[in-house]
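Asks: Assemble the whole structure, with the sequences as input and the hints as a guide.
Chains as they are written, first to last, in the numbering used here: chain A, 1 to 427; chain B, 1001 to 1428; chain C, 2001 to 2277; chain D, 3001 to 3400.
No lab work stands behind these hints, which were simulated from the structure alone. Take these hints with a grain of salt, some might be off.
The calculated lysine-lysine pairs, modelled on DSS-like cross-linking and capped at a C-alpha distance of 27 Å, are [to be verified]:
1) A:Lys346 - A:Lys386
2) C:Lys2211 - D:Lys3361
3) B:Lys1162 - B:Lys1032
4) D:Lys3325 - D:Lys3287
5) C:Lys2244 - D:Lys3361
6) C:Lys2081 - D:Lys3386
7) C:Lys2213 - D:Lys3366
Have a look at the derived ranges for each label pair, beta carbon to beta carbon [said to hold, decoys possible]:
8) D:Asp3014 - A:Gly344: 37 to 45 Å
9) A:Ser20 - B:Asp1071: 54 to 62 Å
10) C:Leu2152 - A:Asp116: 31 to 39 Å
11) B:Lys1287 - C:Arg2123: 51 to 59 Å
12) C:Arg2123 - A:Ser105: 54 to 62 Å
13) B:Leu1097 - D:Tyr3204: 40 to 48 Å
14) B:Val1252 - A:Glu21: 42 to 50 Å
15) D:Thr3297 - B:Glu1239: 55 to 63 Å
16) C:Arg2123 - D:Ile3012: 48 to 56 Å
17) B:Glu1242 - C:Met2243: 51 to 59 Å
18) B:Ser1401 - A:Gly344: 40 to 48 Å
Keep in mind the model is a prediction, meaning the values are calculated, not measured. All C-beta atoms, glycine included, are put in the ideal place defined by N, C-alpha and C.
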Amino acid sequence: MSVFLGIDLGSTTSKAIIVSEKGSILGRGITNTRSDYNVAADIARMDAEFNARFSMLRNRVIQESGTAESWNDLFVALENRFHYLQFERRCDSLSAAMKEQLTHSRNGEELRTALDDILLRVRDLTRAKFFEGRVSSSSEFFRDLFSAAYMKELDGLDRAIFDTLTGVYDRSINPVENQVVEFDFKTLTEEAISLLPNTLANSGAKIAKHLPEVIAESLKPEDYVGTGYGRQLLPFEKQHIKSEILCHALGAHCYFPMTRTVLDIGGQDTKAIQVDEHGLVTSFQMNDRCAAGCGRYLGYIADEMSISVGELGPMAMAAERETNICSTCTVFAGAELREHLNLGEKKENVLAGLHLAIVQRAFALLARSGGARNEFTFTGGVARNKAVVKYVSNMTRTNYGDLTINIHPDSIFMGALGAAMFCLRRR
Amino acid sequence: MSVQKENSMVKQKQMLADHFMALSEAPMTGRKVCYTFVPGNLTELITAFDMLPVYPEINSLQSGMRQRSRDFIREAEDAGYSEDVCSYVKCDIGMMLQGNIGPTDQQLPPPDLLLLSYTGCFVFMKWFENLRHLYPKAEIAMLHIPYQADGKVEPSAIEYIKEQLRTEVIPKFEKVAGRKIDDAVLAQCMNRSAMAEDLLINVFESARHRPSPIDAYFGGVYYIGPIFTSFRGSQACVEYYEELWKEVQERVALKLGPITPDGTFTEKYRLVVEGPPNWTNFRDFWKLFYEHGAVFVGSTYTRVGGVYDYGFRHSAEDPLKSLAEYCMGCYTNRNLPQRIDLIEKFIKDCDADGLVINSIKSCNSFSAGQLAMMRDIEERRGIPVGFIETDLVDPRYYSYSNIKNRLDSFFQMLEQRKELVGKAVLVS
Amino acid sequence: MTNETFHTLGIDVGSSYIKLALVRYGEPHQVIEVINEKIRKRNPTHVIDRLVDELLERHRLRYEDIMYVASTGEGELVSRKRGHFYSMTTHARGAWHFHPQIRAVVDLGALFNRVISLDSGARVSNYTMTGQCASGTGQFLENISRYLGLTLEEVGPLSLQSKNPAVTSGICAVLAETDVINMVSQGIPTPDIIKGIHLSIARRIVRLMRKIKIESPVALTGGMAQDIGLTEAMREMLAEADMKLEVFAATQPEAAGAIGAAIWGGYRHCKLLEAAA
Amino acid sequence: MPSRFAESRSRISDLTLDEAFQTAKKLFEDLSFGYATDWKSEQQNRRIVGFLPIYVPREILHALDMLPVGLFGAGDKIPVVRGDAYFQSYICHLPRTVIEMALNDSLKDFDAFLFPAICDVIRNLSGIFQLTYKDKLVRFLDFPQNFQSAVGGVFYRHELERLAADLGALNGKSLSTDALNHSIGLYNQNRALLKDLSNFRSSYPHKLSAADHYLILRAGQVMTVEHHNAYVERILELLPSVEAIEADKIRVVVSGSFCEQPPLGLIRTVENAGCYIVDDDFQLGLKWTEGDIPDKTEDPVGALVNAYLNNSTFSSAVYDGDNPKEISLERQVREHRADGVIFCAPSFCDPALLDRPILEKAMERKHIRHIGFQYHENLGQFHVVKEQAGTFADMIKLWD
Ligand SMILES: Nc1ncnc2c1ncn2[C@@H]1O[C@H](COP(=O)(O)OP(=O)(O)O)[C@@H](O)[C@H]1O
Ligand SMILES: Nc1ncnc2c1ncn2[C@@H]1O[C@H](COP(=O)(O)OP(=O)(O)O)[C@@H](O)[C@H]1O
Ligand code: SF4
Ligand code: SF4
Ligand code: SF4
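Replies: Okay, here's the thing in structure tokens:
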């Protein structure tokens, strides 16, 4: 089987997609972008490969048994355990690095014991989270999971220990995150199977039976294309790098063939792209190097309010009206936010105003690229924000009439899919 | 690699050197100096009074190419000129504030006459108001050229221009020159201008060949040098275009592309371009296209000093009327629908694959409305349009990575289109 | 003029810090105490009120003992004030108080940078300030130091250790995070990163300084003036731009606005007395 | 048909000052131009003609039974969505909101649009309107920069006659001498009233804020001239009895805001920061002609032409060969006993910004204090303006 790989190295997240020669998606992988782009790309690719093997495994199992229903839950449980095991391995490296840091510390021994304790609990906590299916694989990565649990554990500790242990983490996470940890699919899967509840042991055995066939399949891509913000830094040759604009357009076209306009709001840039019926770009606009109007704007606001980006949207949805935000600059908007709150304005309203502001800026860009046409596809990490989606829908309706608006839960993969499809198109 | 030089190029270089020599000697020879602008310039008239023209825009352009503009612009901004305004003005004023050392490192003489013939741009007027304060001794002649707002030339506008020439411009010339106009010289100039114009149009229209023997933008800006500035109406100018036309015909016969600084060139994409080029990074800018095998087969910028594509030629029959018509017809004095028509004509005549718009931050005259033009062309012709933003001479507004990013996508758009058309995937 | 002395109070409400200065007015004016407190997401009005009360108590003063309470910065937030002076007037005066030889003041605040030129009598003759973009301001520096895990006090000394400053372009105060992470990942030593950032901030400030004609010597005020790395970077950028200006950080730079306000308050108080007499 | 704005036209004599300001504010904020559409619907053959800054000979429109409506952008009252699609970031803001209004159908009842020759942006905007409104009259109006009546005058007369003919074709009217004389008389009266108002404001700046003054003028860009005359007259009646104390503020002339208009918030901020604006060029078109135009002649078009050539005020859009603008500005400062000049121009406005160095130098020669800043019509943050204007006031108050 020939497979093709597309990689989208975004400023926040790195995505990979593997497609078959017929263009169907075999596997998706995602991770957070980190300072070493190669590592980010590699992990995303590996993740996509695992994802692909799991689908193969599932297909075979289902084919054999004939029923799909019961297997789905089982595979979810299995994949969760699989991901947990990856977490555990990475946790090991991080723990080692952290302890290494402590060796030079004056009261190192004492701290190490405290740390050991904490790490154990972090692991337990995260295991439970994985096993109960409470981890969203497309937006919570090792770094987020670990730091969430770790910080929670540190919370009650006294000041001095707290400071040392946060420092230890801060200094260790970057180097560790930038190491590639090789995983063996077979070993990990077998281990995951063994972690299944006893009641499922039988089914586990059925799955294990197919493992050898599945790992025998080669997933080495016949061709690959990299795109995204960091594409120039990938060690790829020129013909393996494509502009993110074209990839996003083609990806959107593959998900929604009727798409004529794509709006992508990512972490560091916003793109408005017009596409023709073949998925070819006819025009586009991209914003400049200014955080006003892209995902980081919201991220910054979330920091100002000490909440997570995920909470912003729901909070803004609860607003009665949108406070008028005068500043364009992200930093000034942050100051304005504080002013409004001090004057007694409700935080929901101010947030709504900030959300509206970002959408208005995106729409100005959209207009410059030629406006929204039917069908209109909205993608990028910010498309996960419900309040943004609301304003995008409203503004589309008032300015461009009743268009079909596509927002796919998977649409974060559009750039990667487009990149993969490029390989197919040029065969 | 050594740069290939053709006879026409050598000739042009010599013409310029002679001109600047004459300028630097003007204080000795007593020849009078007239500052004026390229669009709607009255070179024939200036020659008929045996004066020497100086074009502030050309000075700015040259300063940009010689990497002096950053300094000059800074000088002007220090003197109170806003960051927001046209950089040509600032570059020129900065140069004057620093001693008026021209492109050949010789000092330029101050003007005896400021001929404000302002065609197609209001900034020209402001520019001269500022120059007037810098050169309080110069005589000033104002020639107002109405806009072709409705897509045609009103007879009243021609009358108006003629009257201004008769009652304002020529008397000022006569005052400065200290003598009457030489009608015979004027007539001769007008006739020679027409000859050169015929040849220039031949050169431009040669871009219809495949491969195109010329680059109508990066080469074009050199081709228009003599005719748009100090030399139109001179014998040397006619000879330059005869030489150039000969060279172009040779390349057509040999099926050769344009001469480039990097030698041979294989044509892959044929493009039309709207807007002036960037001067501070001219070579860099050219390379961005050259690397992709793109040749420009049509450009609007090379029409700022006169549009000859629709048949207008200078004529000795009624010289003032002819000059008036010339002024009215320059590219930026035409309304947006007319500008779109011209672009469409280039695209059709030369069978172009795409349009590039280089939107210049400085130049509202060109830039305001380009996005609407872009949309109209896309609709009319269904070809990809690449939109980039640079500046004429302000290096702060030339962002290589930004342009490259946009152009990469644009060329990939073109490539995809070619590939798909080639594979007949496009179902129509 | 009376040769009596009396107390005045200057309150400078910034976007991240609140500064108070208690001054004994009367030749020579004497700065009794300055306070500099970070707002930290609290309501500034409350912080101001508390700080004023504490300050008065410490010096055993009643509110009525203060002849003139002058606000500057975001003065609207100060309820118990007698008059308001604008930041450029007060920063100039505050710096001039300690350094009467200066001919210009550059105020480096949290959101804005200001350039003020003075004549020999502390009269403001011209000025300009930044507006729409926070790149190159104190908040920018705060963000960068946070991304690097440093305190503001550490930043300056580290910058001075740099041998090979990183090259940065004009970067956004928010997106700089990515650039900084990139630099860290390329193994660029922290001092070089900081120095690169300092140079980029300095470049912006120098560009602002070009906007009006100023003469030497130049005193730096505002919170960022406490950053010796930035001062050094400014000297380098000035040299590069061929601007022969001597710059140095003013005494108590962060409180220059508050001190200036207190002094101007005293001046107005005398004027008003004269007018009443 | 019940009309929303008819009342404001009939009830003038018992209007209170507050109500008068309310009316102006309502007109200012009404971006669907209800006043104009109401007026048009009252009689057949009425037409609405939108015009861009700064000056058009409204007398001609009035004589043809048309309502001239000034299109001065939309400030911050509408978000610009599609307008940005037409203008790059380095072009001033005004054309964006104008095109936005065109695209969101606010201008659908307009019958014609006039684009006076003042700069390349407005000029090219006329082209965009030609492409957008293929079925409406879109006219660019060239003003002569030659001021000889035999040269520029002949040309301008031709332009005006052509304009009158093209407009007249819209409602089948032609320009009559009597009607035009009558219109000229009404606009003479209007300018005289506005002059009185401006003098009042200059003498008692505390009794009428610059922002209210501005709104009264802005109303003149929408109201019929008859209405506006009565309206301003009424306000002039009421103003002297306003009770207010003059504050300790400096007096400034604002220069450079002739086209794209500063936001109201900016005008207020400048005054709150201690600067009474005693004269300005905000609504320059209304005061374009200095003095009266003869209104009892055989040749009223000729009278308009002469007024343009000889009695125009100064502005960045007109060549000032024989009439240097720096001298006019100095005169303005003297006449209004101003302490200084605030150069306050739209960002990216070539005409205003290229004049600034000339004007600044002239002010320095005369030891007139000045500061300068730039704005755009939808500016929402006035922090910088406040500080700059405040420091300016501090400077003059503490030392001068
Ligand atoms: N769960 C979420 N809820 C709301 N916003 C989110 C969520 N996840 C990510 N985002 C937003 O999406 C942005 C990242 O978008 P992404 O498309 O991944 O960017 P890039 O392609 O540049 O990496 C973040 O800055 C954040 O604002
Ligand atoms: N110790 C310090 N060293 C260096 N910089 C500092 C220090 N303390 C504060 N700063 C900088 O000063 C800025 C605050 O300056 P300040 O003049 O108080 O601003 P504002 O008056 O606008 O609030 C902060 O954003 C920070 O960058
Ligand atoms: S305006 Fe604000 S968000 Fe934009 S580049 Fe500047 S600092 Fe960044
Ligand atoms: S605006 Fe354009 S046409 Fe006008 S002077 Fe500047 S560069 Fe030349
Ligand atoms: S604001 Fe200035 S540049 Fe803009 S349209 Fe008006 S005159 Fe032209």
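Asks: For which of the previously enumerated hints does the structure constitute a violation, in increasing order of number?
Replies: none
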